[in-house]
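Trainee: Join these two chains into a complex; the hints should help.
The chain contents come next:
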Amino acid sequence: MPVPNLKIEDLHVSIEDKHIVKGFNLEINGGEIHAVMGPNGTGKSTLASALMGHPKYEVTQGKVTLDGKDLLDMEVDERARAGLFLAMQYPSEVSGVTNADFLRTAINARREEGNEIPLMKFIKQLDKRMDLLDMDQEFAQRYLNEGFSGGEKKRNEILQLMMLQPHFAILDEIDSGLDIDALKFVARGVNDMRSPDFGCLIITHYQRLLNYITPDKVHVMMQGRIVKSGGPELAEKLEAHGYDWIKEELGIEDETVEA
Amino acid sequence: MSTELKTLQYNANDIESFSKEQNEPQWLTDVRMRAYELVQTLPLPKTEKTRIIGWNFTDFNYKTQGREVTNLNDLPSEAAKVVGAEDQYAAILVQHNGHKAYHSVSKELQDKGVIITDLQTAIREHGDLVQKYYFKAGKVDKHRLSALNAALLNSGTFIYIPKNVVIEKPLQTVYFQDAENFGLINHSILVADQGSALTYVENYVSDHETIEGVANLLTEVYVEDNAQVKFGAVDYFSKDVTVYVNRQGRVGRYGQLEWAFGQMNDGNTVSENVTELIGEGAVSHTKAVSIGRGDQKQSFDNYIVHIGTNTESNILIHGVQKDQAKAIFNGRTKIEHGASKSNGDQTQRVLMLSEGARGDANPILLIDEDDVMAGHAASVGRIDPVQLYYLMSRGISRTEAERLIIHGFLEPVVEQLQIESVKAQLTAAIERKVR
Ligand SMILES: Nc1ncnc2c1ncn2[C@@H]1O[C@H](COP(=O)(O)OP(=O)(O)O)[C@@H](O)[C@H]1O
Ligand SMILES: [Mg+2]
Numbered sequence: 001m002p003v004p005n006l007k008i009e010d011l012h013v014s015i016e017d018k019h020i021v022k023g024f025n026l027e028i029n030g031g032e033i034h035a036v037m038g039p040n041g042t043g044k045s046t047l048a049s050a051l052m053g054h055p056k057y058e059v060t061q062g063k064v065t066l067d068g069k070d071l072l073d074m075e076v077d078e079r080a081r082a083g084l085f086l087a088m089q090y091p092s093e094v095s096g097v098t099n100a101d102f103l104r105t106a107i108n109a110r111r112e113e114g115n116e117i118p119l120m121k122f123i124k125q126l127d128k129r130m131d132l133l134d135m136d137q138e139f140a141q142r143y144l145n146e147g148f149s150g151g152e153k154k155r156n157e158i159l160q161l162m163m164l165q166p167h168f169a170i171l172d173e174i175d176s177g178l179d180i181d182a183l184k185f186v187a188r189g190v191n192d193m194r195s196p197d198f199g200c201l202i203i204t205h206y207q208r209l210l211n212y213i214t215p216d217k218v219h220v221m222m223q224g225r226i227v228k229s230g231g232p233e234l235a236e237k238l239e240a241h242g243y244d245w246i247k248e249e250l251g252i253e254d255e256t257v258e259a
Numbered sequence: 001m002s003t004e005l006k007t008l009q010y011n012a013n014d015i016e017s018f019s020k021e022q023n024e025p026q027w028l029t030d031v032r033m034r035a036y037e038l039v040q041t042l043p044l045p046k047t048e049k050t051r052i053i054g055w056n057f058t059d060f061n062y063k064t065q066g067r068e069v070t071n072l073n074d075l076p077s078e079a080a081k082v083v084g085a086e087d088q089y090a091a092i093l094v095q096h097n098g099h100k101a102y103h104s105v106s107k108e109l110q111d112k113g114v115i116i117t118d119l120q121t122a123i124r125e126h127g128d129l130v131q132k133y134y135f136k137a138g139k140v141d142k143h144r145l146s147a148l149n150a151a152l153l154n155s156g157t158f159i160y161i162p163k164n165v166v167i168e169k170p171l172q173t174v175y176f177q178d179a180e181n182f183g184l185i186n187h188s189i190l191v192a193d194q195g196s197a198l199t200y201v202e203n204y205v206s207d208h209e210t211i212e213g214v215a216n217l218l219t220e221v222y223v224e225d226n227a228q229v230k231f232g233a234v235d236y237f238s239k240d241v242t243v244y245v246n247r248q249g250r251v252g253r254y255g256q257l258e259w260a261f262g263q264m265n266d267g268n269t270v271s272e273n274v275t276e277l278i279g280e281g282a283v284s285h286t287k288a289v290s291i292g293r294g295d296q297k298q299s300f301d302n303y304i305v306h307i308g309t310n311t312e313s314n315i316l317i318h319g320v321q322k323d324q325a326k327a328i329f330n331g332r333t334k335i336e337h338g339a340s341k342s343n344g345d346q347t348q349r350v351l352m353l354s355e356g357a358r359g360d361a362n363p364i365l366l367i368d369e370d371d372v373m374a375g376h377a378a379s380v381g382r383i384d385p386v387q388l389y390y391l392m393s394r395g396i397s398r399t400e401a402e403r404l405i406i407h408g409f410l411e412p413v414v415e416q417l418q419i420e421s422v423k424a425q426l427t428a429a430i431e432r433k434v435r
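So the sequences go chain by chain: A and B. Last residue of the first sequence? That's 259 in the UniProt record's numbering, and every number before it is there in order. Last residue of the second sequence? That's 435 in the UniProt record's numbering, and every number before it is there in order.
If you are wondering where the hints come from, they were derived from the structure by calculation, not from laboratory data. The structure presented is a predicted model; accordingly, all values stated were derived computationally and were not measured. Hints are not guaranteed to be accurate.
A short, non-exhaustive set of chain B residues, derived as facing chain A with CB atoms under 10 Å [said to hold, decoys possible]:
no.: 1; residue: E336
no.: 2; residue: D384
no.: 3; residue: L404
no.: 4; residue: E415
Cβ coordinates follow ideal geometry from the N, Cα and C atoms, glycine included.
Just chain B, with the same shape it has in the complex (with noise of 0.2 Å):
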């Protein structure tokens, strides 16, 4: 594959007439023409360290099948897998290939006056809200592939919670792929309005067996002034989908925002995730534990801006590479001038399983104010063979002892993580990675 991108296999009177098909307001349809244009002529993303060329964004189907069911029990059994027991969620939204397929949501939500649906449901429905915060965090213009999900969007979700509305039990959507060379194309937004309080937890699953596919995922979160949301996201896409995935966070005055990720996709990924400290005293933790194996190839750029006074910022980070894997962690503090009495901390820690495998920490702080802290910490190593010898001495066999070290190794992070569920789920996907 000589030329830079694959040619992408729609055109302007597509995109054009998938709009008008869905009934979408104008501005909606003027954002995907904008963007079209964009795809022909933004780069892709600037990865540290990982040529990106040649992999497939572009060459996919975006329109496709789901199925909707009227029972959990009757969902594909991967993404049963990930759905949690209905009593735990005060509200569930399973989408298939693209297509609403399950949606359940507590009468107490309703009375509230939360909403959380998808988002071309929440387009004709809530045009305007939609419309204030689609692509306010987050840029059509970052780079080819932030246009392209903005040209060919066809799945999203939309979250709101109003004012001082607190929930207790945590939200969930579900995203399963598993029609041949699909391509999810999803935009989720999510608004905590001022002095609200939410869990929400997004996966991500594709069909094990057989598919070939790409994902292109965009997630922005608005986390209003002295708003609480704790977001966990666990994404497992196979092997033969390629990955786009941003997630966008943008914080006001006391808003605080905990990201948890569990990165187990089995396919090559572009990661990116922004937080912007924008309030006074706003509040961003992330943590994130990851596992490469086979001869996928991520990278992974975790971006903290810190532009409100007094705000917190702190990145721990644990990932493991096994076999062919390779992986760069790129994490970037930045505290811009102004933002005083700031403190941002990183933590990034990589642990090599096999000689093949590669991973690389690359810490960076960015500071232009005098009056903030900041620090960071990072290590990269290779499994001790002396730590191995032991736990085999007990009589435990090789890929036993690997299993314990890796646990060990994550633990940390994982123990850490304010969300059970995620917790639980993220322990299984370990679980299944190395095996």
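If we strip away everything but chain A, and leave its shape as in the complex, we get (with noise of 0.2 Å):
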């Protein structure tokens, strides 16, 4: 397989007519991990669901291609299928459909019709990676996010990347409402999925999960784009002195996409 590439330029997105990410460039390519950091407000969940497609979100300008094919062009399902997974901030809850049959249903549509995942062997699968993640097995017959905590809700989508293993994936606030031991088990799980075929974007506003899992790149993004880039030695930055040392050193005095 060619090493797998995410490529955004120039990326503009609106939501209801309110410009919101102003001219976004990023690179990933398999086997690296990428963090995105920033402040409230600043565009990083909008830019996490313009790329996944959600439907509120329009891209007014810009390009993004996933392996060389041109992401935008594709509705949301052909791009989860062509290999992006985005760990959303707040996934929804779906009563009345077990998370077994939802994992199930998502394994199959990669799948052709007529060579369905075995049961046994996903029930196997499923297993293993509960372990992993502290999960308990009761979560599997448990109807999709409904009723689960801001933590549950967090395992429950790292559980679902591990499970279907796209080869990029954006992982927005997935730190966030964690205590240490759940921040732990979640690094765990996308630790376990570092590989050369495997590229990871992650939007945090906190360092604390780049303990766990150390960032090839970090990048500040502030009024809707990248406004500087370093090594992860710029995340323990950030940490020690906040984000108002970049905000002096740009000149930004408003660093919300409002500005």
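Mentor: Laid out in structure tokens, this is it:
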């Protein structure tokens, strides 16, 4: 398999005619983990949602390719089957559909009709991954995200990531609302995915998660675009000194997309 | 069609000679003749927000051929699909175009004196018993369609469970029609005598390829004191069959009637379900799921009447509307004066999948007694685009995602159905309808 590649060029995104992402550029290859950091309201989730194809977000300019193919031209489900995964900041709840049924449907959507995953094999894979994430077996039979706590939803997103084995994942605030133990399990799940065939974009506004998943590159997002990039040391500096020094250095007064 | 009713192509002489041909007793001929007069004068049912004027309730053939088989495997495949495995049922009765096609009754039932047979045979062999219950809970003069049922009756089933007889395995009847323009005018009666208990499943199916037709169905269920009936029904007529269905239950002291409905018709449907809780402590629970698709229009009315003291009722309905389908879900809980300490509750939920689909839930509480409890909940909503996005973001196609959401929406009702075979049949029917 050729090395996976996600390339975002001059991306602009609006919601309800409000211009939010304003000229975002980034390229990630398989084997790399990038972190996008930034204060609240700087357009991080908007970027992630637009890449996945959320119906409310409109791409007004720019180009995104996944392994050379035009991502923006695809329907949401096609993007997923092309290898993209988004762990959402606020996952939906679907009543009456068990986690297990949902996951099996999602796996089979990637397989030819008549070549569905054998039930026993599926159960074995599911058990193994739930173990690794320290999830209780009962979550397989619970309705999808219904009544899950914030932390349980995050773990469930990572469980889906591991079951679906995409070659690109965007993790949007996967660390928010997690205590330190849960954070370690989530990190364990992501690290388990690490390979030359897997690229990852971690969106966060704390450095905490990056203690457990070492990124190759760190980018700071403000006003809907990347304003600074560096290595893992940039994340540590942000942890120690906050974002103000960057704003000063770049002459930014309001870092949000409202500016 | 400017006239309210397409004219009936049968006159009084036709009906009288049909009755004679079948050697019906005079009382039944009399019911037919009186009903025929009423067909001319009574109005159609008053359906909430659904215009049924112009629907074909009257233009059909009521005499046609059926085929008797000796082996279940020889049934037409649409019928065979819904017939359960023989060892899972205490009795199976299949009727094809209004004629008995297959009939098997376990020795246990025969020994215990249970009657389950087609109505014609029952009238011949147990005439007095049939007469005792015929149109006692149901009303000939309710409206034009009930009168039509009485006038043109051409099919039916009679079931009688003697006192204190308890039957574990369910009884099943299957009505299958595949004759062009056939009108199934069916009257079924189920009597659970005092202290008895049974589970009964009725299935209506028509050939989904070809036929137009009419179905006018009346079922009377008598749950006598301390008896328990689990009544399951899966209706699955094809899109060119116009359906009027009335299921009428009457429950005595401490009797219990559990209705479980899968209303899966593809054509225009008027459905009335009426339950009278007459005796003290009578209980009735109604659970129904339905899926509307294409451009069909449906009117569902669930009416519970609390008459005895300490009676209890609950209605739980989930309906899905796809494409251009329209449906109204009327839920009426009436607590009569004197029915003190009664409790009536209803929940109706409607999910619409497309812009063109319409669903209305209309909960009504009519209460003439102070010392009671009653409640209702209703919700009507469209499919959540963010939920759909979430499922699709995992690679699931839109159709498949909708399928999951529909199953999920109906699941809380399906899960509570107490009859396994109805559950299985419904899951299969839902699967066919959401594809
Ligand atoms: N669904 C929405 N409706 C309206 N405005 C939105 C919506 N989502 C985001 N925005 C706007 O975009 C800005 C950036 O939001 P978001 O992308 O969620 O930022 P971040 O993830 O960096 O905190 C928000 O401050 C808000 O003004
Ligand atoms: Mg965010």
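Trainee: Check each numbered hint from earlier against the structure, then list the numbers of those it violates in ascending order.
Mentor: 1
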